[in-house]
Amino acid sequence: MSTRRRRRNPGVAYSDVTGTLRERTVDALRDPTLADNLRTAGDSWGAGREVMKRDFGFDEMRDRARDIRRSNIRNMPALLAELQSNVRASGGVVVRAADADEACRYITDLARARGAHVVAKSKSMATEEIKLNEAMEHAGLEVVETDLGEWIIQLANEHPSHIIAPAVHLNRDQVAALFREEAGTDDVPTDREGLVAHARVRLREKFAQAEIGISGVNLAVASTGTVCIVENEGNARLVTSQPRIHVAVMGMERVVADWDEAAHILQVLPMAAISQDAANYVNLITGPRREGETDGPEEFHLVIIDGGRGALRGSEFEEVLSCIRCGACLYSCPMWQNVGGQAYGSPYSGPIGAIITPLLEGPSSPGSRDLPFMSTLCGACGDACPVGIPLPDLLVRARARSSSPAKRKAGLAFRVWSLLWRRGITYRLTMIGWRLGLRIRGRDGWVNRLPGPGSGWTKVRDMPSKWPPRR
Amino acid sequence: MRTCLSDAIAPKVWKATRRALERAGVEVKVPRGQTCCGQPAWTAGHPDQARAVARHTIKVFAGSDEVVVPSGSCAGMVIHAYPELFAGQPDEEDALDLALRTIEFTQFLAKHDLDPRAKACGALTVHDSCHMLRVLDENESPRDALAKVPGCEVREMAHADQCCGFGGVFALNFPELSGRLGEQKAQAAAATGAPEVVSCDLGCLMHIAGRAHRTGIPIRARHISEVLGS
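Sequence order for the protein chains is A and B. Sequential numbering of the first sequence, starting at 1, is according to our numbering. Sequential numbering of the second sequence, starting at 1, is according to our numbering.
Mixed in with the good hints there might be a few duds.
[As the list claims (entries may be wrong)] Simulated restraints, written as ranges between beta carbons of each label pair: (1) A:Pro451 to B:Lys29: 30 to 38 Å; (2) B:Gly193 to A:Gly19: 38 to 46 Å; (3) A:Ala78 to B:Lys111: 43 to 51 Å.
Read the hints as simulated data drawn from the structure, not as lab findings. Glycine included, every Cβ here is placed at the ideal spot set by N, Cα and C.
Construct the entire structure; sequences and hints are all you get.
As structure tokens, this is what we get:
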């Protein structure tokens, strides 16, 4: 008998929503700097990807990465058990959290029990997902994001707009304004290096005060009980070594079998994410400080979150568990490139976010049920994915599973459509009617206003009533 | 396969396809009673409604050697999505059979090395539809076919592999975002200096031309069959 729990809605709904998804895209399109900022990032990612293909054989590496991750997902229960026993053997504590509430409660209880006041964090999508910062602040803790991008959006009180580049939607001037506000002075540099130096000084002060460091996990290696944290700024190294206690938070699907697999994924990840063949820092952490060692935390806690993931194994969405959170599908996506991640209203944006957010929240969650529809199914994401997740196919499956009111409304029209178009004769009748309508409404070869669902078409473009269309 | 979009807005397109094929020496039958591949409902999240229509299409095209489709998107639907749509259904075999026999128009020309001996045309730019490019993994067959047309000069546009923003129901659900993408595509096409954009997919063209007309971007649109069947 399966002991796996089917959790349709694992605790908190984490997508924050203001307005409808379409309204948020309209707002984003009105922002004159946003598209420029995103386009710059997307273009540079695209150029980098070509280099990775040409110079590093990225496409072949991707095939192996896909096979590794598929096998990880197949063997997940056994790998997690192995990981757990090896972390414990090296002196760490392992906590399996069924959902966001359990994970947040464990961490806030731990902080309270140790009398902590300040928590330093390095970048982690899992903690965004479970809304850990809110839970900790609610418990009276001061939380400081130490990744530069995360700190910027913490100051702006925003969601990350990209999985690995959370503040990519903001430009230098916007960042400088946030820093001035935080520092309470106009004496903040505005050039790139000056801004980074300013942030370094402000953040170092916090490292010294923090009793607890919280990090994410890029990969966890089952065979040795080691967590891998990849970064480019060095802040995660401080977060995991300076404070007395280190808590690492991971989604249960981060596990790989051994170092052979880990070495490959650790290479593919920065290549896919930032078109670099290696990350600047790769932190490998096996348990807390051991006797005779001079640094490292006294306690190491690994929190492994299910949050709806376990139920995806064996489902038609299983492949999403292969995701290594590189953000390549975001950069490649024409929708994301134009509206950015925040329009999605959830920590995970872009194609992968449009699929997993409603999976983790449940198909009828008002905040995320429309997300799978915000795609032209152009397939760029599927090509970009370094672990071969068939994202366009999964978007279509996610649509079939969604229960959004807009879809239900269209469902009635599609039922009628299906009845009419499964016979040649009724199909011809609808075509005669449609073409007659075009002829009546057409002026100079164009229709500029259509009724009903067609109004979505003519809101922004005309419909040719003659073909080839006239200029 | 005529395609529903050709029936709806441009019967000239399927007629031009037939003309091009016949001139290249192919015996063409256009089965009566054909409707639609079912893609609109499939991508809108209504697989049952899509399957009922697709089932009709499978019956209509039973018995043809090859089913030539003047649309990368409809061909992609039959080839790529029918196996999933009919998995475990009583007529799964028939669906897989049709998927194997279905081929996009310019790919058919390339496969059998056919030349429809088109009339001369001038400069144009090619829009690679996403389903052509990434579902059928094809961007050469349209260019190879155009290379045989006297006087035809293909001017490639910037960001040629980027989506035009049509996306079926997406165009109706997110008109503003769809329109922005369409405008970017129309501008890229116009920037080549070519007077017209040509594509294997009528859906993209209807969207690009419609947005270009609304925003005053100077670019005409024509389906590749109209060039090759001229």
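C-beta pair Ala78 of chain A, Lys111 of chain B: status relative to the range 43 to 51 Å that was hinted: 47 Å Cβ-Cβ, so the 43 to 51 Å window holds.
Please test the hint of 30 to 38 Å on the beta carbon pair from Pro451 of chain A and Lys29 of chain B. 37 Å, holds
Is the hinted range of 38 to 46 Å satisfied by the C-beta distance from Gly193 of chain B to Gly19 of chain A? 41 Å, holds
The structure is consistent with each of the numbered hints, conforming to all of them.
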